[in-house]
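Peer 1: Please construct the entire structure, taking both the sequences and the accompanying hints into account.
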Amino acid sequence: MSGMPVEAKLSHTAAMILQAIHAGHIYGFSVMAMTGLPSGTVYPAMRRLERDGLILSKWEQQSIADAEQRPPRKYYRVTRNGKSTLEAVYKRYPLLEKMIPSPEMEQA
Amino acid sequence: MTRDWLSPLPLLIVRLASAMVPRRQRRDWFAEWSAELWQVCAEQKPAALAFSTGALQDGFWLGWNAMRNHGSRVLSPGSALRCELLLAATAMIGFLACGFVPGARNTMSPLPYSKAADLVLISSNGDPGTQSPSTRLADYREWTTNTGALYSQIAFYEPATGHVHLKHHRTADLALAVASENLLEMLQMRDGAGHGRVAAESSLPRLFLSRSAWARWYRSDPGVFGLKVQVRGQTAVVAGVIPDNDWRLPVHADAWLLEDAHHLDQLPPTLKGFVVARIRDSAFPPPRAGWRSMVETRNGVFSRYDCISLDSKVVEPILLFCCCMLLAALALPAVTALSLGDYPLSREPLRRRLTLRRWLFLGTKFVLVLAIVYFWSTALAFAWGARDLSSAGGMQALLSFVPLLFGYRWILQDQRRRCPVCLRLLSNPARVGQPSCNFLGWCGTELICASGHGLLHIPEMPTSWFGTQRWLGLDPSWLCLFGEVPAGSPELV
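Listed in order, the protein sequences are those of chains A and B. Under this note's numbering, the first sequence has 69 at position 69, and the numbering climbs by one with no breaks. The number in this note's numbering is simply the position in the second sequence, starting from 1, with 108 added.
In short, the hints are calculated from the structure, not lab data. Some clues are possibly wrong.
What the hints assert, rightly or not - Listed next, the stretches of chain A that the computed footprint assigns to chain B, with coverage defined by at least 3 CB atoms under 8 Å from CB atoms of chain B:
1) 21–30
2) 36–43
3) 68–82
Said to hold, decoys possible - Output of the computed footprint for chain A on chain B, the stretches with three or more beta carbons under 8 Å from beta carbons of chain A:
4) 137–145
5) 163–174
As the list claims (entries may be wrong) - Quick list of simulated restraints, FRET-style, between CB atoms:
6) Arg134/B / Gln69/A: 23 to 29 Å
7) Ser184/B / Tyr90/A: 35 to 41 Å
8) Met200/B / His12/A: 43 to 49 Å
9) Tyr90/A / Gly186/B: 42 to 48 Å
10) Asp583/B / Tyr90/A: 45 to 51 Å
11) Arg134/B / His12/A: 30 to 36 Å
12) Ala33/A / Arg461/B: 49 to 55 Å
13) Leu580/B / Tyr90/A: 51 to 57 Å
14) Pro116/B / Gly36/A: 26 to 32 Å
Every residue, glycine too, gets a C-beta built ideally from N, C-alpha and C.
Peer 2: Here it is as structure tokens:
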């Protein structure tokens with residue numbers, strides 16, 4: 001990341017996607033459904049977030065997918081770096097957390 | 109279980125989009141998109157087509173970023189491709205410069221005359237490209253009657269400066285070629301005005317103007333044809349225009365005054381000019397390039413006349429340039445060492461493909477440097493006043509020898525300073541050792557490949573055990589110290 005703060009470069013769209021993943025929408029189509037963004041925006045943005053180390057992807061186990069009779073999905077989760085970035089992003093976009101509430105906020 | 113749910117068109121779009129994705133990511137990428145597409149089809153099937161178009165966008169950006177990163181690495185300063193592109197661009201600009209300089213453009217294009225290989229220029233001084241006329245008019249007269257078996261057509265012209273009275277009491281001094289009336293017909297030159305030749309029924313001498321003279325003195329007025337003008341004290345009729353680039357014979361001419369035999373007979377027999385002839389196929393079987401012969405003159409006496417094919421004149425600059433190439437190659441050891449260095453310390457022997465690439469790069473540089481010097485020396489020779497091949501040839505030789513010599517020197521020096529693996533220029537020179545401690549040691553310069561392929565040791569003082577530069581290949585385990593700087597930075601979404 002060349003030592004540059006990532007949060008300064010996150011656009012509102014990228015912040016929404018990051019927040020959606022943080023809120024538990026952990027695969028592409030569910031992020032699309034949550035944010036209302038088209039697929040051509042969501043997937044490239046997720047690749048950039050993963051490249052920047054804010055999210056991590058992991059393939060679902062084949063046995064689970066087989067049990068549900070569907071192809072295995074690629075799941076995403078927010079990294080520690082991503083969480084600290086989100087904290088900074090909330091200051092820049094205060095409504096983000098209310099738009100897409102995270103599990104911690106819902107419990108509170 | 110999976111694909112049965114998918115509509116064929118969205119899946120086809122995703123498949124097409126996967127072609128844009130870099131190969132190492134493609135399988136994973138397609139698996140993710142097809143799994144997501146399955147989900148879309150299961151939940152909102154009508155949205156599947158719109159969803160799949162996003163794959164095109166995703167695939168395009170992945171491919172684009174990969175290509176950009178690769179391109180920026182390949183075209184980074186010091187890379188082999190960048191070097192070759194710069195050389196090729198310089199050669200291309202030189203080629204275009206030749207196109208803009210009229211004389212240089214002529215040397216690049218074939219002769220505009222029909223059956224040019226059959227045309228010969230006859231001169232007595234052995235130099236077909238000379239600008240001074242050498243053939244006597246009396247000899248030409250002899251040949252018109254005696255050499256029918258050798259030449260199907262023969263023409264004469266004499267360079268002169270003509271005082272031409274133009275219309276409206278204007279006069280101009282034009283560079284004239286006073287010629288026999290069959291000269292232009294023999295060369296089969298086109299009328300540049302595009303309206304056909306003026307009929308030859310007039311008994312008056314015909315005056316053909318060069319296109320530039322027509323534009324300069326008559327402002328390209330088509331009404332000038334058929335006009336009677338005074339040329340060197342005689343009346344002539346303006347008959348047509350000759351394109352500037354079509355006249356490739358010795359001596360520059362602004363106009364051609366075609367005289368009939370009666371007018372030519374009035375000229376003194378000792379007058380010297382140029383003789384052009386079209387040889388008969390039966391008399392001189394091909395190939396005829398550079399063909400020379402003795403020609404019979406008056407009363408059966410043989411005089412030495414050189415008959416040079418006009419076609420062979422076209423390759424003269426190239427031959428002269430080849431001589432310069434050879435001379436520069438012979439002089440090269442005086443300005444640099446010829447050795448490209450040793451590579452004995454490489455732990456892994458360089459693979460044949462890499463070695464071939466190195467030699468290919470060296471060969472490409474040679475070809476491009478030769479092209480650069482040839483095009484630029486030709487363009488500059490003609491731009492600096494050479495009006496014909498012979499004068500341009502000498503100037504081109506002068507202009508090309510030194511650049512060729514130092515071009516060769518640069519090629520070898522550049523090759524020696526490149527990594528044999530990635531062909532990038534080596535960097536970070538460091539001085540090693542001391543000249544005063546040269547016994548059983550070495551002093552010199554050490555250069556390093558920024559990609560971590562190895563080190564180059566260049567001795568400052570060649571010794572019996574370290575006479576030339578040596579390459580020390582590094583083990584791949586060193587590569588972790590030479591991480592590539594990421595080419596792209598995070599973009600805004």
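Peer 1: The structure should be examined with respect to each hint, and the outcome stated for every one.
Peer 2: Here is what the structure says about each hint:
1. Counting residues of the region 21–30 of chain A whose beta-carbon sits less than 8 Å from any beta-carbon of chain B gives 3, enough to reach three: the coverage restraint holds.
2. Counting residues of the region 36–43 of chain A whose CB lies closer than 8 Å to any CB of chain B gives 6, which reaches the minimum of 3, so the coverage claim holds.
3. Residues of the region 68–82 of chain A with a Cβ under 8 Å from some Cβ of chain B number 6, which satisfies the need for three, so the listed coverage holds.
4. Against chain A, the region 137–145 of chain B contributes 6 residues with a C-beta closer than 8 Å to a partner C-beta. That satisfies the three-residue criterion, and the hint holds.
5. For the region 163–174 of chain B, the proposed coverage by chain A is satisfied: 6 residues have a C-beta within less than 8 Å of a C-beta in that chain, meeting the threshold of three.
6. At roughly 26 Å, the beta-carbon separation of Arg134/B and Gln69/A lies within the given 23 to 29 Å, and the hint holds.
7. Between Ser184/B and Tyr90/A the beta carbon distance is about 40 Å. The supplied range of 35 to 41 Å therefore holds.
8. About 47 Å separates the C-beta atoms of Met200/B and His12/A, a value consistent with the hinted range of 43 to 49 Å.
9. For the pair Tyr90/A and Gly186/B, the supplied restraint of 42 to 48 Å holds, since their beta-carbon distance comes to about 45 Å.
10. For Asp583/B and Tyr90/A, the Cβ-Cβ distance of about 48 Å falls inside the hinted range of 45 to 51 Å, so the restraint holds.
11. Between Arg134/B and His12/A the Cβ separation comes to about 31 Å, which falls inside the hinted range of 30 to 36 Å.
12. In this structure the supplied range 49 to 55 Å holds for Ala33/A paired with Arg461/B, their Cβ-Cβ distance being about 51 Å.
13. Judged by the Cβ atoms, the range 51 to 57 Å given for Leu580/B and Tyr90/A holds: they are separated by roughly 54 Å.
14. Separation of Pro116/B from Gly36/A is about 27 Å and conforms to the stated range, judged on CB atoms against 26 to 32 Å.
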